[in-house]
Amino acid sequence: MRHLLSAGDLDRDQALLILDTAAEMAALSDRSVKKLPTLRGRTVVNLFFEDSTRTRISFELAAKRLSADVINFAAKGSSVSKGESLKDTALTLEAMGADAVVIRHWDSGAPYRLAHADWIGGSVVNAGDGTHEHPTQALLDAYTMRRHLRDGKGALEGVRVAIVGDILHSRVARSNVLLLQTLGAEVTLVAPPTLLPIGMETWPCEVSYDIDSVLPKVDAVMMLRVQQERMQAAYFPTAREYSRLYGLNGDRMRLLPEHAIVLHPGPMNRGMEISAEVADSDRAVMVEQVANGVSVRMAVLYLLLGGAKELSE
Amino acid sequence: MGSARAHDLRTVLSGDDIARASRRIAHEIVEKAKGASDLVLLGIPTRGVTLAHRIGKAISEIEGVDVPVGALDITLYRDDLRLRPTRALEETSIPDVGIDGKIVVLVDDVLFSGRTIRAALDALNDVGRPAAVRLAVLVDRGHRELPIRPDYVGKNIPTSPTEKVRVRLSEIDDMDLVEISAGGEE
Chain X
1 MRHLLSAGDL DRDQALLILD TAAEMAALSD RSVKKLPTLR GRTVVNLFFE DSTRTRISFE
61 LAAKRLSADV INFAAKGSSV SKGESLKDTA LTLEAMGADA VVIRHWDSGA PYRLAHADWI
121 GGSVVNAGDG THEHPTQALL DAYTMRRHLR DGKGALEGVR VAIVGDILHS RVARSNVLLL
181 QTLGAEVTLV APPTLLPIGM ETWPCEVSYD IDSVLPKVDA VMMLRVQQER MQAAYFPTAR
241 EYSRLYGLNG DRMRLLPEHA IVLHPGPMNR GMEISAEVAD SDRAVMVEQV ANGVSVRMAV
301 LYLLLGGAKE LSE
Chain L
1001 MGSARAHDLR TVLSGDDIAR ASRRIAHEIV EKAKGASDLV LLGIPTRGVT LAHRIGKAIS
1061 EIEGVDVPVG ALDITLYRDD LRLRPTRALE ETSIPDVGID GKIVVLVDDV LFSGRTIRAA
1121 LDALNDVGRP AAVRLAVLVD RGHRELPIRP DYVGKNIPTS PTEKVRVRLS EIDDMDLVEI
1181 SAGGEE
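These protein sequences, in sequence, are chains X and L.
1 is the number of the first residue of the first sequence in the working numbering; add one for each residue after it.
1001 is the number of the first residue of the second sequence in the working numbering; add one for each residue after it.
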């Protein structure tokens, strides 16, 4: 494995290797010295063309815990805002000796271009590209579900997961559908028809428009943020109507089986897709997702950068 | 290949030898530590952990107290990470009592270059500050590349650097046996 571009590129063994490695990394974070010498002398560049606080600091912390040098390259206030192309930015980073580039870009496919255009020799990690994919988010979600529903071991065979909300614009949903399918879980997407992408028939999952009929049958429900910034058209009449039909409130949460957990990739819009009662309940695992995100990203960086450089794909 | 070379395999420790050696090491550990109260045994995966549990059990039988036994994976501290493809991690489990102020006995199956133990000492450093660190190995085959020596040895076995020492333990391999095979394969 040289790059991590899509959750769909991972086979079952690779996905489990990442989750198992993350479990060992998580155990290390209980120690007094939360630092490992493993990636000493390696440089990780966080190349963020799009605003993101939690993903960037999560990758930054993960790299620092493994003793890598971290450079944060934000597009705002940089050469990119002066009109530099992705290629020239990449060549600059290559000249500086980046061993890995963690890229978040507003264009779907930018990480793929960066990985395959022969501009850089290091590894590329997709930290979210447009409405395409966000593989480390899917990995941390799978890790969190595995901890709660499968005792932290094995895959997710038979686990039923509902992903609710703005599927159309969600890279989190895409990556999750692909990874959960690989791990043997059964996914149901729940959204109004206007927020579902075209060509869904080929996705390995069920689709429903009715959240109340889905909730009693799932082990985990993942609420997606309504991405106001990507909504140039009217996808639903009003925010209140969306919230009433697809938001997770206390009454709906009580439809879930006793053991079911509630996930959200963050940042949450309280009162929109999730009510404060649900967000603060003990079924909500959002804070844990953040901690697991660091462990999973440590695992990914270790597995990509820890060994000898792979010369060819 | 394995079958063609089978006659090159030489058994150096039988199951009974291994049992006697682990029991003797348990006695020596207790003797040197003057009891078992401050002891923590940490095995280095995979077979070091199995040995640590066996020695821990023997100490419990001798002293009548349970000795905390854990596992310490050293993969992330290795000095040859970049020379090979990425390795999968093994389990690390530090007993709840921690290692601060304790006498930590590292347990491994074979002592060779000493680099594994160097990595283990680095890893211990990040876990806590033991009162003392000691080293128990089932087989010392020589060829040290670092100034490291064991405190408790099951058996010293002179080898040539190209020979391979293979430790088999019943919990993992269905039998207890240490054998040496001629090198130069692969």
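One or more hints might be untrue.
[As the list claims (entries may be wrong)] In silico contact screen, one side only, chain L against chain X (beta carbon under 10 Å); selected entries:
{"hint": "1", "residue": "Thr1075"}
{"hint": "2", "residue": "Leu1076"}
{"hint": "3", "residue": "Arg1082"}
{"hint": "4", "residue": "Ile1094"}
{"hint": "5", "residue": "Pro1095"}
{"hint": "6", "residue": "Phe1112"}
[Unchecked claim] Straight-line Cα separation of at most 35 Å, DSBU-like style, residue types lysine-lysine; simulated pairs:
{"hint": "7", "chain 1": "L", "residue 1": "Lys1057", "chain 2": "X", "residue 2": "Lys76"}
{"hint": "8", "chain 1": "X", "residue 1": "Lys64", "chain 2": "X", "residue 2": "Lys87"}
{"hint": "9", "chain 1": "L", "residue 1": "Lys1032", "chain 2": "X", "residue 2": "Lys35"}
{"hint": "10", "chain 1": "L", "residue 1": "Lys1034", "chain 2": "X", "residue 2": "Lys76"}
{"hint": "11", "chain 1": "L", "residue 1": "Lys1164", "chain 2": "X", "residue 2": "Lys309"}
[Unchecked claim] Taking CB as the label site, the calculated pair distances span:
{"hint": "12", "chain 1": "L", "residue 1": "Thr1162", "chain 2": "X", "residue 2": "Trp106", "range": "17 to 23 Å"}
{"hint": "13", "chain 1": "X", "residue 1": "Ile71", "chain 2": "L", "residue 2": "Glu1061", "range": "40 to 46 Å"}
{"hint": "14", "chain 1": "L", "residue 1": "Glu1031", "chain 2": "X", "residue 2": "Glu258", "range": "50 to 56 Å"}
{"hint": "15", "chain 1": "X", "residue 1": "Glu277", "chain 2": "L", "residue 2": "Glu1171", "range": "48 to 54 Å"}
{"hint": "16", "chain 1": "L", "residue 1": "Arg1129", "chain 2": "X", "residue 2": "Gly266", "range": "47 to 53 Å"}
{"hint": "17", "chain 1": "L", "residue 1": "Pro1147", "chain 2": "X", "residue 2": "Arg54", "range": "34 to 40 Å"}
{"hint": "18", "chain 1": "X", "residue 1": "Ser213", "chain 2": "L", "residue 2": "Val1097", "range": "47 to 53 Å"}
{"hint": "19", "chain 1": "L", "residue 1": "Glu1063", "chain 2": "X", "residue 2": "Gln14", "range": "53 to 59 Å"}
{"hint": "20", "chain 1": "X", "residue 1": "Gln14", "chain 2": "L", "residue 2": "Asp1173", "range": "40 to 46 Å"}
{"hint": "21", "chain 1": "L", "residue 1": "Glu1171", "chain 2": "X", "residue 2": "Gln227", "range": "17 to 23 Å"}
{"hint": "22", "chain 1": "L", "residue 1": "Pro1095", "chain 2": "X", "residue 2": "Gln14", "range": "56 to 62 Å"}
Please keep in mind that the hints were generated in silico from the structure rather than gathered at the bench.
No experiment lies behind these values; they were computed from the predicted model shown.
Every residue gets a Cβ at the ideal spot worked out from N, C-alpha and C, and that includes glycine.
Hint by hint, here is what the structure shows:
1. Thr1075: For threonine 1075 of chain L, the interface hint holds, since the closest Cβ of chain X sits about 8 Å away, which is under 10 Å.
2. Leu1076: With a minimum Cβ separation of about 4 Å from chain X (threshold 10 Å), the hint on leucine 1076 of chain L holds.
3. Arg1082: Status holds, d = 6 Å.
4. Ile1094: holds (8 Å)
5. Pro1095: Check failed: Cβ of proline 1095 of chain L comes no nearer than 13 Å to chain X, outside 10 Å.
6. Phe1112: violated (21 Å)
7. L:Lys1057 / X:Lys76: violated (61 Å)
8. X:Lys64 / X:Lys87: holds (27 Å)
9. L:Lys1032 / X:Lys35: With Cα atoms ~33 Å apart, lysine 1032 of chain L and lysine 35 of chain X stay inside 35 Å; holds.
10. L:Lys1034 / X:Lys76: It is violated: about 65 Å lies between the C-alpha atoms, which goes past 35 Å.
11. L:Lys1164 / X:Lys309: Holds. Lysine 1164 of chain L to lysine 309 of chain X sits at ~27 Å (cutoff 35 Å).
12. L:Thr1162 / X:Trp106: 17 to 23 Å: At 57 Å between Cβs, range violated.
13. X:Ile71 / L:Glu1061: 40 to 46 Å: violated (56 Å)
14. L:Glu1031 / X:Glu258: 50 to 56 Å: Between glutamate 1031 of chain L and glutamate 258 of chain X, where Cβ atoms are some 54 Å apart, the hint holds.
15. X:Glu277 / L:Glu1171: 48 to 54 Å: Since the Cβ atoms of glutamate 277 of chain X and glutamate 1171 of chain L sit about 50 Å apart, the hinted range of 48 to 54 Å holds.
16. L:Arg1129 / X:Gly266: 47 to 53 Å: violated (38 Å)
17. L:Pro1147 / X:Arg54: 34 to 40 Å: violated (46 Å)
18. X:Ser213 / L:Val1097: 47 to 53 Å: holds (51 Å)
19. L:Glu1063 / X:Gln14: 53 to 59 Å: violated (46 Å)
20. X:Gln14 / L:Asp1173: 40 to 46 Å: 27 Å Cβ-Cβ, so the 40 to 46 Å window is violated.
21. L:Glu1171 / X:Gln227: 17 to 23 Å: violated (52 Å)
22. L:Pro1095 / X:Gln14: 56 to 62 Å: violated (32 Å)
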